[in-house]
Every structure is written in C-alpha cells, then in structure tokens.
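Under the numbering used here, the first residue of the sequence shown is numbered 82, with each subsequent residue one higher.
Bear in mind the hints are in silico, worked out from the structure with no lab data behind them. Even glycine gets a Cβ: it sits at the ideal position worked out from N, Cα and C. Wrong hints could be hidden among the right ones.
[As the list claims (entries may be wrong)] Computed Cβ-Cβ distance ranges for the label pairs, DEER-style:
#: 1; residue 1: V264; residue 2: P288; range: 36 to 44 Å
#: 2; residue 1: V395; residue 2: L457; range: 13 to 21 Å
#: 3; residue 1: V395; residue 2: T451; range: 36 to 44 Å
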Amino acid sequence: NWDLGNPGYYEFGNALKADIADYIPCDASGTCDQIKPGVTPPANYGTPVCPEPVPTIDTSTTPNTITAWTCAPSVLNADGSFAGNIPNSVDGNLVNDFPYFQELSINPVTGARGNAYRHYYSYDSGLFVQDDWKVSPRFTLNLGLRWERYGAPREQHAIIAQFPASGQYAFDCLSPANTTDFVTCMGNVRTQPAQSMWNTRNYDFGPRIGFAWDVFGDQKTSLRAGYGIFYDRIFDNVWSNGAWNPPFYGLIDADATGGDTIFYSRPPAVPPSFTPGAPPDYLPLGARVSVRTMEQNLKDSSDQSLYFGLERQVSSSLALTLNYQGSLGRHLPVLMNWNRYDGDRYNATLTLDRPNSHYTGFNYRSNNVTSNYNALVFEARKHFSHSVALIGGYTWGRLMDFGSDLFSGST
Numbered sequence: 082n083w084d085l086g087n088p089g090y091y092e093f094g095n096a097l098k099a100d101i102a103d104y105i106p107c108d109a110s111g112t113c114d115q116i117k118p119g120v121t122p123p124a125n126y127g128t129p130v131c132p133e134p135v136p137t138i139d140t141s142t143t144p145n146t147i148t149a150w151t152c153a154p155s156v157l158n159a160d161g162s163f164a165g166n167i168p169n170s171v172d173g174n175l176v177n178d179f180p181y182f183q184e185l186s187i188n189p190v191t192g193a194r195g196n197a198y199r200h201y202y203s204y205d206s207g208l209f210v211q212d213d214w215k216v217s218p219r220f221t222l223n224l225g226l227r228w229e230r231y232g233a234p235r236e237q238h239a240i241i242a243q244f245p246a247s248g249q250y251a252f253d254c255l256s257p258a259n260t261t262d263f264v265t266c267m268g269n270v271r272t273q274p275a276q277s278m279w280n281t282r283n284y285d286f287g288p289r290i291g292f293a294w295d296v297f298g299d300q301k302t303s304l305r306a307g308y309g310i311f312y313d314r315i316f317d318n319v320w321s322n323g324a325w326n327p328p329f330y331g332l333i334d335a336d337a338t339g340g341d342t343i344f345y346s347r348p349p350a351v352p353p354s355f356t357p358g359a360p361p362d363y364l365p366l367g368a369r370v371s372v373r374t375m376e377q378n379l380k381d382s383s384d385q386s387l388y389f390g391l392e393r394q395v396s397s398s399l400a401l402t403l404n405y406q407g408s409l410g411r412h413l414p415v416l417m418n419w420n421r422y423d424g425d426r427y428n429a430t431l432t433l434d435r436p437n438s439h440y441t442g443f444n445y446r447s448n449n450v451t452s453n454y455n456a457l458v459f460e461a462r463k464h465f466s467h468s469v470a471l472i473g474g475y476t477w478g479r480l481m482d483f484g485s486d487l488f489s490g491s492t
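Kindly produce the complete structure, drawing on both the sequences and the hints.
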C-alpha cells in the first residue's frame with residue numbers, strides 16, 4: 082500500500098497471489114483415497130515449476146488408489162484499488178465570529194499557566210474459546226465464548242480528576258438514592274482526584290453461536306445462522322480531555338452572555354486576574370471553568386451481530402441466497418451537558434443560566450445510546466465458461482441511530 086500523503090488521503094493497493102492447495106484424499110461421505118505404495122508428489126512440489134500437484138486416481142479399486150501426480154499451473158489473482166479523500170475545511174474569522182467568548186488555561190492551585198500534559202496508561206486482557214461440533218453429517222454447530230477486560234485509563238502521576246461516584250460531592254444525581262431534586266444535586270457537585278477515568282468493568286462476556294444445516298442432504302440447500310457479541314474499548318478522544326479538570330488544571334471560560342468582561346485585542350489579552358480557590362477543589366474565585374467528566378460506571382461499547390441465511394444451488398452454475406443481517410450497537414458514546422436548565426436561553430435576555438455556578442458546561446461523556454441496523458439481502462451468482470462469473474444482489478435495510486455519533490449534540 083502506498084499513501085500519497087497531503088493534501089488529501091490517497092492510497093493504492095496491489096496484491097498478487099498464487100494458490101497452492103494440498104490434495105485432500107477424502108470425499109464428503111468420509112471415504113478416503115489410498116496412496117499407492119512408492120508414489121510420492123513431485124520433488125519440486127511447492128516451487129513455481131510445480132506449485133500444485135494433481136493426483137491421478139484409479140477408480141476401479143475400493144477405496145480408490147492414487148497412482149501418480151502431475152503438475153498443474155498456478156492460479157494468479159491480481160487486484161488494485163485507489164481511494165481519495167480531501168478533508169473538509171472551514172474558513173472563518175474567530176475574532177469577529179466569536180466576540181463573546183474567551184478562554185485561559187491556569188493552574189487552579191498556584192495561578193500559574195496550566196499544564197494539561199498527561200502520561201496515561203491502561204491494560205487490556207481477554208480469553209477466548211470456540212469449537213465446531215459436527216453433530217451429524219448434515220449439521221454442524223459452532224459454539225464460543227470470549228471474555229474481555231478493558232482497563233480504565235490511569236495517569237502515571239495520579240493527576241486525574243472526575244466527578245466521584247460516591248462521597249460528599251457524588252455525581253449520582255439520577256440515582257434512586259438521591260434525596261434532592263436534580264437541579265439542587267447538580268449545583269453541589271465538584272470534580273475531585275480519582276484513581277482512574279472510570280471504574281473498570283470486569284464482566285464483558287461475548288458469546289458466539291452458529292450452525293450450518295444441509296436441509297435435504299443433497300449438498301444443494303444449506304441453512305446457516307450466527308450470533309455474537311463483540312466488545313471494544315472507548316476511543317481516546319472521549320476521555321483524554323479529562324486532563325482539563327480542577328484541582329490539577331482549569332480552563333477559565335469568559336462568556337460575555339454571562340456578564341464576564343472580554344478583552345477585544347489582537348493578540349487577545351487575558352481575562353481579569355483571579356484568586357486561586359481553597360482545598361479540596363481549588364476552584365478559582367470569581368471565575369468559572371469548564372470540565373470534561375466521564376460516567377463513572379461506564380459500560381464498554383458492544384456490537385451484536387446477527388445472521389440467518391438460506392442458500393440453494395439451482396443448477397451446476399447458478400446459486401441463490403437470501404439472508405437476514407443485523408447489527409445492534411449498544412452503549413455507544415455521546416456528549417451531554419447537564420449543567421443547564423430545561424429551556425435555557427428562552428428568556429428575555431437570552432442569558433445562559435447554570436445550576437452550578439462554579440462551572441460553565443459539564444461536557445459529560447457517557448455511552449447510553451444505541452443503534453440498530455436490520456437488512457434483508459438477496460444475491461444470485463451465475464458462473465459461465467472461462468472462469469467468468471456474474472453476481473447480482475439487492476439489499477433492503479433500515480438503520481435507526483439514536484445519537485451514536487459522539488459529537489452529534491448535547492442534551
């Protein structure tokens with residue numbers, strides 16, 4: 082593969098393959114050919130001269146006897162591809178387009194410039210077992226199970242801050258144990274040092290089950306089905322910006338619509354000075370910061386794949402297939418802002434009020450959305466002479482997506 086680089090993404094791939102197949106001296110019924118004593122494959126088997134030995138079989142004996150091998154030409158496949166993608170670009174004047182907003186990164190403890198550099202690490206592990214069980218000559222069963230453990234990210238110097246799941250500043254406002262109303266609860270939460278971005282989940286089990294059935298026993302009609310659950314870790318952009326949380330870092334948001342003073346200059350001046358806060362949260366006095374926090378009991382994203390298909394060989398050169406295919410996304414990531422009132426900005430002054438005056442947005446990262454894809458696929462394959470084949474198909478599908486794009490919007 083060759084990546085041609087900027088300004089867009091271009092890639093060209095080329096693959097050449099020589100198929101070298103060993104002779105399998107058994108047929109579908111289990112009857113095996115026996116090799117005549119003293120007969121061996123050509124000495125240059127596996128070389129370009131004779132890549133694929135073809136047996137000469139004496140069918141007058143029971144079982145059949147291989148009497149010799151001859152050379153067959155190799156099968157050469159060639160393929161190429163070309164893809165181009167020029168990312169979308171946006172031109173804008175940030176000074177004139179956003180005259181109401183200004184940011185400053187600070188260390189909430191000392192008041193010095195903030196440092197968001199972090200050394201994250203995590204550990205992943207998994208176990209897997211699967212087997213194919215031939216229940217009868219016409220029925221094969223596939224069973225498997227995979228266990229995954231995607232360790233929550235940690236920081237080498239323990240400088241992670243999140244809304245804790247329990248304690249004085251618990252972020253469990255939606256929990257049945259919460260005895261206050263949601264707005265009051267949201268107004269009291271604070272970010273605190275944490276051991277990890279979220280609590281590691283230890284019971285991600287992904288079963289696999291499938292079968293293949295020769296319906297009439299004539300090896301012309303097959304019924305196949307399969308189901309599996311596949312897990313994956315949350316991708317880095319969802320959680321890595323958690324480095325921006327007090328008490329280790331503060332991103333001060335000066336917002337003109339909230340009554341803050343903005344300095345219009347080029348280069349822009351910093352907002353008014355601030356006073357570092359007191360332990361344990363060190364929220365800067367007289368200023369508000371934005372935070373990026375994770376759902377503490379996060380579930381790993383998963384996909385449930387389903388398949389059910391019927392295939393019929395109508396003739397020696399024509400095969401028809403009808404399949405159901407499904408893909409169910411579960412616990413997909415999304416961004417939400419919970420530091421808000423219902424209907425905010427729908428007031429006389431368009432002021433964006435906050436239940437928690439210490440912060441601007443809560444930029445809360447969770448994964449409580451889903452996606453569902455279901456499709457019916459029909460396919461016909463027709464083989465002609467000289468290795469020519471014609472394949473045609475039609476897919477009827479439906480996709481229901483409930484905001485599974487991380488940046489699809491806020492609450």
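Would you pick out the hints that fail for this structure and give their numbers low to high?
Going through the list in order, the structure violates no hint and respects every one.
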